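Participant: With the hints as a guide, bring the two chains together.
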Amino acid sequence: MIASYFVIIPLLSGFVLAMSGKRSKFAELVALIATSLLLFLSILLFALIDSSGTIVYQLSGWKIPYTISLVIDSLSAFVLFLVSLIAFLSTLYSIGYMKRFRSLSNYYALLMLLIAGLNGVTVTGDLFNLFVFMEVSLIATYALVAFQGEAEHYEAAFKYAILGSISSTIILFGIGCVYSATSSLTLMQISIKSADIPVLYLAYGLFLTGFGLKASMFPFHSWLPDAHPSAPSPVSAMLSGVLIKVLGAYAMIRVFFMVFQRSDLVLGSLLVIGSITMIIGAIMAFGQSDIKRMLGFSSVSQMGYIVFALGLGTPLGILGAIYHMLNHAVLKGTLFLDAGAIEMAEGTRDLEKMTGKSNKTVYVSTLMASMGISGVPPFGGFFSKLVIIMAAIYTGKYIYALIALAVSVVTLTYYLKMLKKAFPSTGDAKIPLSMKSTLIIMSLLTLVTAILFIPSIREITLDKVVDCVINREAYSQLFMAGGN
Amino acid sequence: MGLYLLSFILFLVGLYGVLTKANIVKIILGSGIMGYAVNLFLILIAYRSGGTFPILLPGKDPGMMVDPLPQALVLTSIVIELGTTALLVALAVNIYKHYGTLDVRKVRRLKG
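Protein chains in written order, with the working numbering: chain F, 59 to 542; chain G, 3 to 114.
Don't take every hint at face value.
[What the hints assert, rightly or not] Simulated DEER-style distance windows between Cβ atoms:
| hint | chain 1 | residue 1 | chain 2 | residue 2 | range |
| --- | --- | --- | --- | --- | --- |
| 1 | G | Pro64 | F | Leu106 | 38 to 46 Å |
| 2 | F | Ser347 | G | Thr103 | 25 to 33 Å |
| 3 | G | Lys108 | F | Leu491 | 42 to 50 Å |
| 4 | G | Val81 | F | Gly119 | 45 to 53 Å |
| 5 | F | Leu470 | G | Thr103 | 38 to 46 Å |
| 6 | G | Ala88 | F | Gln206 | 15 to 23 Å |
[Stated by the list, open to error] Calculated from the model, a selection of chain G residues having no Cβ within reach of chain F, i.e. all distances over 10 Å:
| hint | residue |
| --- | --- |
| 7 | Met3 |
| 8 | Pro60 |
| 9 | Lys62 |
| 10 | Pro64 |
| 11 | Gly65 |
| 12 | Met67 |
| 13 | Val68 |
| 14 | Arg107 |
| 15 | Arg110 |
Worth flagging that the hints you see were computed from the coordinates, not collected in a lab. Computed from a predicted structure; not experimentally measured. Beta carbons are placed, not taken as given, at the ideal position from N, Cα and C, and that holds for glycine.
Chain G extracted, bound-state conformation (with noise of 0.2 Å):
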């Protein structure tokens, strides 16, 4: 239980970090934090205490196997934050070469 409410506070941090950090990059981290919190808690859910890894050998009763779906979601979770991640830092770019800031606060040509 303790591990789940750790994992929560570090999803909680990343929200913190997105919603109140001014700087471009820090948002991105933040984002980034967050996406890695709930990757953590997939893992979590699969973990069976004692459990082995989950590959069938020939002859051996392979006992208590840990959950292998939740590891292949991440993977793929991984990879796509991956991909979002990268969009962003080219916007991150972009925003640099067109506003000459990476302060949010002075970011605010769109109003409303």
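Chain F on its own, in the form it takes in the complex (with noise of 0.2 Å):
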């Protein structure tokens, strides 16, 4: 039962709050709680799993595969807390930064319906279920990237949403291919029939092309320096920070781990985009000079190296994947919510025109996530990288090492050059509260992501998502306990 919560509460919210009118207080209220609620619920989880196994609901009372289930093992576990607590924070952040928008209801409430679509996707158990929710955070994702209704807002949002909506029709062409192969859409009985048929290439390369475009990888990655900055800045720290994740990365792991047989030729093309994807972003992001475009770049750098650890395939790989996307969704959140700070006090996204009124606090908690992401030891971000290059060295692919290796150095380069034209002096321009506490929080969460690299701490919390994944017996056993 409480599978279906992640749904159904951020869904109801947000249809509460879409009626509600103009009262702004009311919206963050009802947002604040909803969001809270779900990170609570969210930890829960982990409880639950650990004394019950992975949760099945089924809906409506029938057995599957006759009905959607919803599933959470601990990968979905995993990815449901991240999503939480991004959103949390990015609504405790919304509540001082949207003052001066209009229509706050509305924003709240595309968030909630965004948020229902991500959790959507996290916890089904569907193939074609993972396409409508995919859909339905996709659309609220268009609406908030044109919601400060400039003329390049309007722009960069019809390049998203026409990108977004091939990569969703060859996704559901994929679908059909694979219901006409297995006649099935439940992904644990696909998980078993796979097995017995011949391999599908036609739908690989279809899930690919597709969830590579939502990953932003290599020649797909056009639309996401546009989209990303253009969102107001909360939002583009869930789209990089989790949306690209969840729809990208996750699906990706979901589809081609643990439904799907492992093919070596998909692993193999998931290394060589991976590892360009990581050069092209970093190159990209050295010569921006706005701030948030730069920091758009530098996402689609950051997906390299996790798509880049998938493809290694061994669990080291997947564990530093699975690292990677913890330390990035906080990092890149960090940074995007400090972007937020800094245009608010300067006026401009522009680094040649800053003047350095911005305050100490988002100077703070900038460099410390600007460490993180380029791998600088204390931070959670080195030991992520860390684990990606040994992984990468064990499996004997040097070269790759080295690249990654590079790319991070060069990685260092650009964020230097951005702590030191956006901050020439540090001003004291006031920050409202809400925005001030999240920052501290969230500079704070860089350095506690470093903790799970201890052996200990790593064996319950991330070992365990690890081993969900390479267990493909235990996925396909769901299926026979659940159903009929």
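Facilitator: Given below as structure tokens:
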């Protein structure tokens, strides 16, 4: 039953918000209550899974495969926690940041719809349902990207919406191919049946293209640096922090590692595309003068790391990918929220025109997050990059390890450039309390994620997620236990 | 097989429209054609030649029926496409208001 609350709560509160008219205090309160409830439930999930195993909920009293099932295993619980954490902090930040906009209840309603879609993708056990929730979150995103209502924002939203609808159509095509080969849409059943049928190269290609477009992998990365900076800062943090990971990386892990048979061709192409993505992203980020655009290209580059680590295919590589998902969500979330605070104080996003009006809190949290994302030791980002590079070395891919290392150095260079240009001195611009407290919590989290590297803590957190990904048998057993 | 090929060609026509046309309205139509092609493909999967409608009637042996599931999927996907297309058209209207043109080659304020 708990599984369905992750979709019901944001959807219901989104509905209430859309109906509530112009009362902005009420909207803030509802959004904050809904997201904190989700955060609480997602923490509760870890204890529940520990005590009673994977949670399977079958809708409307039917049995799978005749109904849609909601499945929460360790991987889903981990991603749900990630979504809820960033969603809660973004909402808290929005209270101070979004004051200057009208129609706040519409903004929060769209944000809730986005969260409902993301949670739905994470908990669902049905291939077509995954597509439906993906569309729910994407439609909310197109509207949020255009929310600020300037000419450029509409342009970016249109570009994003066209590419998004192409990728959705391609994914639906892939779903059709899978259904015609296996006559099933339940992910666990496909996982069993895929052993007996010939390899579905067409479906692999379609899913790789579709999810790759959503993860902004190399030939399809051009929409991200337009779309993410155009959204309001808290939404940029949600998009770069969790949306590309849930719709891109999580969907890829679920489909290619847990549902379909392991295919070396897919892993090989993930490896090559991932490393090209991280190089291209880093090179493009270097030349940007718009602060949020630079962060967008940096997201492309970091997604490259995650895809590359998945392509290695070893348990250590998967650990690296999952750990980097967590770190990048926290770090890029912090950086986008910082960019919002800088923009608010300076009145511009252009690095060349900045005079250093933003205050010390913003400076310190930007510094911490920049160091973390470029992989400087005490922060979480260092350890996840270390795991990825170690995984590459253990599988004998020395050239790829060198590339990952070199890109990390380039990352440090452009973040240092940003720090120098954006903070020639630190001023004393006032920022609202809600923004300040969010920035402090986020910058503490950049250090807290490093604790997960300690072996005894890693065993009870990240290793469980990796076990869940590797153990395909357990996933298909769910069908036997839950079905007829 | 010929029908599958035709629906794939329709898909490519839509893709061609999205990628090469300069007018925003034509791009939206192209993405619509892609969607229709995939819907046709799903319906073709469900078709059994000589099959009847998938409803069980009392006292009758239905014999072979067409697969009802892809039909349900197509209904859902049509609704989703409706939402996406409405949003795309709304964005196109706003682009026209701000830029005064529907030509994508002139809608280029974002660089890089």
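Participant: Please go over all the hints and tell whether each is borne out by the structure.
Facilitator: Hints and how they fare:
1. Taking the beta carbon of each, Pro64/G and Leu106/F are about 44 Å apart, inside 38 to 46 Å as hinted.
2. For Ser347/F paired with Thr103/G, a C-beta distance near 27 Å keeps the hint of 25 to 33 Å intact.
3. Roughly 44 Å separates the CB atoms of Lys108/G and Leu491/F, a value that falls within the hinted 42 to 50 Å.
4. For the pair Val81/G and Gly119/F, the supplied restraint of 45 to 53 Å is violated, since their beta-carbon distance comes to about 25 Å.
5. Between Leu470/F and Thr103/G the CB atoms are about 43 Å apart, so this pair conforms to the stated range of 38 to 46 Å.
6. Checked against the given bound of 15 to 23 Å, the beta carbons of Ala88/G and Gln206/F, roughly 21 Å apart, stay inside it.
7. Every CB of chain F lies more than 10 Å from the CB of Met3/G, the least distance being 13 Å, so the non-interface label holds.
8. Listed as outside the interface, Pro60/G is consistent with that label: its C-beta sits roughly 21 Å from the nearest C-beta of chain F, beyond the 10 Å cut-off.
9. Under the 10 Å C-beta cut-off, the non-interface status given to Lys62/G relative to chain F holds; the minimum distance is some 23 Å.
10. No Cβ of chain F comes within 10 Å of the Cβ of Pro64/G; the nearest lies about 18 Å off, and the non-interface call holds.
11. With a cut of 10 Å on Cβ distances, Gly65/G stays outside the contact zone with chain F, its closest approach being about 19 Å.
12. With a closest Cβ-Cβ approach of about 14 Å to chain F, Met67/G is found to remain outside the 10 Å limit, as its non-interface label requires.
13. At roughly 13 Å, the least C-beta separation between Val68/G and chain F is larger than 10 Å, which holds for a residue marked as non-interface.
14. Every CB of chain F is more than 10 Å from the CB of Arg107/G (nearest about 12 Å), matching its label as outside the interface.
15. Residue placement check: Arg110/G does not keep its beta carbon more than 10 Å from all beta carbons of chain F (closest about 8 Å).
In this structure, the earlier hints numbered 4 and 15 are contradicted, and the remaining ones agree with it.
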